[in-house]
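Keeping their order, the protein sequence lines are chains C and F. Under our numbering, the first residue of the first sequence carries the number 1, and numbering increases by one thereafter. Under our numbering, the first residue of the second sequence carries the number 1001, and numbering increases by one thereafter.
Because the hints were derived from the structure by calculation, they are not lab data. Heads up, the beta-carbon is just placed ideally off N, CA and C, and yes, glycines get one too. Treat the hints with care, since some could be wrong.
As the list claims (entries may be wrong) - Stretch by stretch, here's where chain F covers chain C in the computed footprint (C-beta under 8 Å, at least three residues): (1) 6 to 12; (2) 28 to 35; (3) 58 to 69.
Stated by the list, open to error - Per label pair, the in silico range of CB-to-CB distance: (4) F:Ala1679 to C:Asn10: 18 to 24 Å; (5) C:Gly92 to F:Asp1428: 48 to 54 Å; (6) F:Leu1557 to C:His74: 25 to 31 Å; (7) C:Thr71 to F:Asp1428: 35 to 41 Å; (8) F:Trp1565 to C:Ile94: 43 to 49 Å; (9) F:Asn1618 to C:Thr89: 40 to 46 Å; (10) F:Pro1418 to C:Ile94: 30 to 36 Å.
The chain contents come next:
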Amino acid sequence: MTTTIKEENNNQVVYFDGRLDTAVSMQVQKDVQPLIDNIKSDVILDCEKLQYISSSGLRIFLSILKNVKPTGHHVYIRSLNKDLRQVFTMTGFINLFEFKD
Amino acid sequence: MKNRWWNYRSFAARLSLWVILTVAAILLVTAVVANLFVRDGILREEKLRAKGALENAEEHIEDVFIAVETAVKNHTSEIKKNVQAPHEEMYRITREILETNPMIVGSAIAFEPNYYPEEGRYFSPYSYRDMESKNDTILSKQLGTATYDYPTMEWYQEPKKLKRGYWSEPYCDTGGGEITMTTYSYPLMDDKGQVFAVLTADVSLDWLSQMMDSLKYYEQSYSFIISRDGTFLTHLSKELVLTENIFSFAKRVNDAELTELGHEMISGKTDMRQFKSPNLGRSFLFYKPIKRTGWSVAIVCSAEEFFHNATQAGLIVAIIILLMLLLLAFILRKGVHHLTQPLVQFTNAVNEVANGNLQATLPKVKTKDEMMRLRNSFITMQQSLTRQMEELKQVNEQKGRIEGELKVASNIQRAMLPKIFPPYPDRDDIDIYGQQTPAKAVGGDLFDFYIRDEKLFFCIGDVSGKGVPASLVMAVARSLFRTLSMHEPHPERIISQMNDRMAEDNELNMFVTLFLGVLDLPTGRLRYCNAGHNAPLLLTENGNEKQKVFLPCDSNLPIGIMGGWKFTLQETTIDVNTTLFLYTDGLTEAEDMNHQLFGEERMINAIPFSCNSQEIINKMTEEVNAFTGEAEQSDDLTMLTIRYTKLQHLVRFQKEITLNNNIEQIPQLAEYVETVCEAMEFDAATSMQMNLAIEEAVVNVMNYAYPKGVQGDIKIMAQANDQRLKFTISDNGMPFDPTTRQAVDTTLTAEERPIGGLGIHLITQLMDSINYERKDNKNILTLRKKLPATPSTVNE
């Protein structure tokens, strides 16, 4: 599981690659912490290569959202596959985030 | 009340009748009085008329007699003068007397015996009228013979004795025809005053009856004369004349009244008398004496004839009265009918009002009288009735609304009870049927069940009392059961909490007996708590061994009586094919017509083996209905049957792994789940879901089952039969039931969403069932996923 943060078109983009299960969630949380600490633009969470997400992964997504929202910026989820989108639906997260394809 | 036509008299008819009767009475009295006066007047007039007639008759008779007397007296001096003359003179004188007075039919000068010695002892020259000759011939003869000794005769003796004229009693002269005669005798005296002869004049009285006939002034009236001794001188009946006197006649006809009358008449009185005439009936008799002769003249008139005019007038008056009464009746009928016409219309109006038309038209009344007042009263009545009907309608509407609301309450209450059977058509491990028959529209019994996490929560209860209050308490109890059991799998704790809630402010002291059970469906483990309810019946079937026993129950208080009461938990494990029959006392205490109770024994005997849950309840309903018959159901009757029918499926796949409580082992777990999913031929999406669910479940155990720093094992077992895949996750850690966690609200905003609680939510979403059991100091969490139908199954 790798987490990469890039700046693209004046947006901060987080690329998730691999399985975001409970075992790696601590590391991922650490990886995104710089972004959370320094929000200067809209955030795009790129899930094109995300294979799996557990509830601990969802919690990371929620913590990003909770930190970005007060700054007035947006959080977008990009390229989420169909199966994972179903997990977002089940948990109601689909109502919290804005999606980009 | 019989209302026959002859009993019915209209007011108009009665009023008319009374008026006519009154008027008739007045007219009748008037007519009678008038008639009496008229009769009195007639009588007085008739009296005068009779008096006149009688006086005329008397006068006439007197005239005749005076004439006779005068004729006689006028010749006395001539006789005296010619006493010495030849005797022929005497004959001449007598003839002369006859000639001067036509009334005199005979006259004699009867001398004292031997007055003329040459003539012999008796000498009495006599002249008389020849009745047989046509012209008035006067014959003479010498009357005195030896055979006719006249000096002894009354007519000779009386005047000689009295020395004055004397009228003899009338007599019938047989000598010269049958004629009534009377004789006037007058004594002739010489200078010395010696009677030497008696001059007589015979007077025929035939004219008397003619004269009397002229007195007849009524068709049937007649008159008669009686002489001094009462002899009839004239009479209607000729045969009475001179042959009978009034006294002998009265004696013959045996009439004392007539005798009295006779005496009065001959005593010389003038009077009128009513008497009963033998031939005229009731009659009036007027009589008067003729002083000269001592006779009495009488006129008899029939009263009928007398009052003929009066009677006729009375008759006419009566006819007039009758006609007037008829006219009056007619006028009254018209008039009163007209006056009472509004009454008939009022009657019709009242009938109309009685039939519901309150706005019935009233008759128009123009007169300011009782009718007007009646009409005003009617109007008041109509208005009052309309008002009251309106009020009644409102009251009824309110009542209807209340009834409607009660019905709604009843519907709500029924809606709370499970009503779709079978409730779990896709489950083969449980067969449930429940039925409630409320005694009143809204009942106080409750039963409920639902499956959560492979556990069947069920309860049956009976609220004290009936009707709306009971149903309200029932609703509270039912919702408490649902809410509290959602996060609490232990029946005694659920009941304790229900008890504490319901005991608060329980001013009406209502309570609920409740049996609450939790059946773990995978294992058949039954935990239950009985708060004062009837012990359920347990039917066990193990091959040929069949048994009916009551489930042992501790005696706990019913719910709502005392807060803080410690309810006890009981536990047993039931085998497959065991039936649990729950009921309320409405079953055991169902009464027949003789108030005998259905009782537990009948219930036990009635319940059948080897039947499904609905058949059992149908059979029981049939039995209890047959027992109660026509008797009214006095209490709610609720029954609930639960059959545990879990089938043991052949395990065709099994794989297990044991991890320790370290999240670093998650990839191993993922690998394990992946292997299982491959074996199940799941697609990628399902595999991912399985992975997610198992990871979440295991992470939960890793995080919470063991205290920090304590190492523990987590055993994961995957088993599959033809129907489903089952993961059993067990550990030796602290009791931890993840199913009691609050459900996640997926509708909250990002700010409101808590960070935790997502794991268990995902498990319940991803798996078909989740089940927690604590057994042998182990937490056992079972997750099940139904397998998709295999192609071979589809083909079959």
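Here is what the structure says about each hint:
1. 6 to 12: Contact hint for the region 6 to 12 of chain C vs chain F: violated, 0 residues under 8 Å.
2. 28 to 35: Since 0 is below three, the answer is violated.
3. 58 to 69: With 7 residues close enough to chain F, the hint holds.
4. F:Ala1679 to C:Asn10: 18 to 24 Å: violated, 49 Å
5. C:Gly92 to F:Asp1428: 48 to 54 Å: violated, 33 Å
6. F:Leu1557 to C:His74: 25 to 31 Å: Since Leu1557 of chain F and His74 of chain C have Cβ atoms about 60 Å apart, the given range 25 to 31 Å is violated.
7. C:Thr71 to F:Asp1428: 35 to 41 Å: Distance hint for Thr71 of chain C, Asp1428 of chain F is violated at roughly 56 Å.
8. F:Trp1565 to C:Ile94: 43 to 49 Å: Taking Cβ atoms as reference, Trp1565 of chain F and Ile94 of chain C lie about 48 Å apart, which means the hint holds.
9. F:Asn1618 to C:Thr89: 40 to 46 Å: holds, 45 Å
10. F:Pro1418 to C:Ile94: 30 to 36 Å: holds, 34 Å
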